[in-house]
Amino acid sequence: DVKVTQSSRYLVKRTGEKVFLECVQDMDHENMFWYRQDPGLGLRLIYFSYDVKMKEKGDIPEGYSVSREKKERFSLILESTSTNQTSMYLCASSFLALRYGANVLTFGAGSRLTVL
Amino acid sequence: DQQVKQNSPSLSVQEGRISILNCDYTNSMFDYFLWYKKYPAEGPTFLISISSIKDKNEDGRFTVFLNKSAKHLSLHIVPSQPGDSAVYFCAASVLQGGSEKLVFGKGTKLTVNP
Numbered sequence: 001d002v003k004v005t006q007s008s009r010y011l012v013k014r015t016g017e018k019v020f021l022e023c024v025q026d027m028d029h030e031n032m033f034w035y036r037q038d039p040g041l042g043l044r045l046i047y048f049s050y051d052v053k054m055k056e057k058g059d060i061p062e063g064y065s066v067s068r069e070k071k072e073r074f075s076l077i078l079e080s081t082s083t084n085q086t087s088m089y090l091c092a093s094s095f096l097a098l099r100y101g102a103n104v105l106t107f108g109a110g111s112r113l114t115v116l
Numbered sequence: 117d118q119q120v121k122q123n124s125p126s127l128s129v130q131e132g133r134i135s136i137l138n139c140d141y142t143n144s145m146f147d148y149f150l151w152y153k154k155y156p157a158e159g160p161t162f163l164i165s166i167s168s169i170k171d172k173n174e175d176g177r178f179t180v181f182l183n184k185s186a187k188h189l190s191l192h193i194v195p196s197q198p199g200d201s202a203v204y205f206c207a208a209s210v211l212q213g214g215s216e217k218l219v220f221g222k223g224t225k226l227t228v229n230p
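Residue numbers (the numbering used here), protein chains in the order written: chain A, 1 to 116; chain B, 117 to 230.
Quick caveat, the hints were computed from the structure, so don't treat them as lab data. Yeah, the Cβ is synthetic: ideal placement off N, Cα and C, and Gly gets one too. There's no promise every hint is true.
To be verified - From the derived model, a few chain A residues whose C-beta atoms are all more than 12 Å from chain B:
1) Val-19
2) Gln-37
3) Arg-112
Stated by the list, open to error - For the chain B half of the interface with chain A, some residues (derived, Cβ under 10 Å), not all of them:
4) Gln-122
5) Glu-131
6) Gly-132
7) Arg-133
8) Tyr-148
9) Pro-160
10) Phe-162
11) Ser-165
12) Pro-198
13) Phe-205
14) Glu-216
15) Leu-218
16) Phe-220
17) Gly-221
18) Lys-222
19) Gly-223
As the list claims (entries may be wrong) - With a straight-line cut-off of 25 Å between C-alpha atoms, the simulated DSS-like cross-links for lysine-lysine are:
20) B:Lys-153 to A:Lys-3
21) A:Lys-70 to A:Lys-3
22) A:Lys-55 to A:Lys-70
23) A:Lys-13 to A:Lys-71
24) A:Lys-3 to B:Lys-217
25) B:Lys-217 to B:Lys-187
26) B:Lys-170 to B:Lys-217
27) A:Lys-57 to B:Lys-217
28) A:Lys-70 to A:Lys-53
29) A:Lys-57 to A:Lys-71
30) A:Lys-53 to B:Lys-217
31) B:Lys-217 to A:Lys-55
32) B:Lys-172 to B:Lys-121
33) B:Lys-172 to A:Lys-57
34) B:Lys-121 to B:Lys-187
35) B:Lys-184 to B:Lys-153
36) A:Lys-70 to B:Lys-217
37) A:Lys-18 to A:Lys-70
38) A:Lys-53 to A:Lys-18
39) B:Lys-225 to B:Lys-187
40) A:Lys-71 to A:Lys-3
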C-alpha cells in the first residue's frame with residue numbers, strides 16, 4: 001500500500017512565525033500535492049509538483065511556498081503565518097495520471113495547524 | 117467560480133436504506149470523476165471513480181452514476197451502514213497545461229443512524 005506520511009499532526013503557532021510542513025511518500029510517485037481543507041470550503045489545491053525541483057501553483061498559492069528537492073519529499077512552507085491560515089493541510093501523491101490508468105490520489109493523515 | 121458543486125452539506129439516513137449523494141459540475145472538459153470518503157482527523161480515502169465514457173460504475177455497495185448531458189453525478193450506497201458516516205467529497209479531473217488537476221467539491225456529511 002502507498003504510504004503518505006505527514007511529519008506533524010498538530011501544530012500551534014503564533015502569527016508571524018514560520019511553519020514547515022513535510023510530506024514523504026514511499027512509492028516512487030511522480031506527482032505530489034498540497035491541499036487545505038476548511039469547513040464549508042472543501043479541499044483547495046495550494047501547490048503541486050510533477051517532478052523533482054518542479055512546482056506549479058494551485059488555486060490558492062498566496063502566502064505559501066513549496067520545495068521538492070527529492071522525489072519522495074514535498075514540503076509546504078508558510079514564511080509568516082496569519083490567523084487565516086488556520087486549517088487542516090493535506091498532502092497527497094499519485095503516479096502519472098488517471099487517464100493513463102494510474103492510481104488515484106493517496107492522501108496523508110493531515111496536519112492540523114492553528115495560528116493564534 | 118465553483119466548478120464542482122455538492123449542494124447538500126449534510127444527509128441523514130437510516131441504517132439499511134439507500135444513501136444518495138449528489139454532485140454537479142460546470143466544466144465540460146472534466147473527464148474523470150471520483151468520490152473520496154473522509155473520517156475526522158484522517159486524510160480522505162479513495163472510494164470509487166468513473167470515466168466520462170461510462171455512465172455507471174459499481175463496486176460492492178457503492179455505485180456511481182454519471183449523466184454527462186446534465187453534468188451530474190451521484191453516489192449510491194446500498195445498504196447504508198453506520199460505518200459509512202463520514203464526509204464525502206466529489207472530485208473531477210482535467211488536463212490543464214499538460215498536467216492533471218483534481219478539483220474537489222465542498223463535501224457532504226453523511227450520517228447513518230442505527
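Ascending list of hint numbers which this structure does not respect:
The structure conflicts with hints 2, 3, 5, 6, 7, 12, 23, 33, although it agrees with all the remaining ones.
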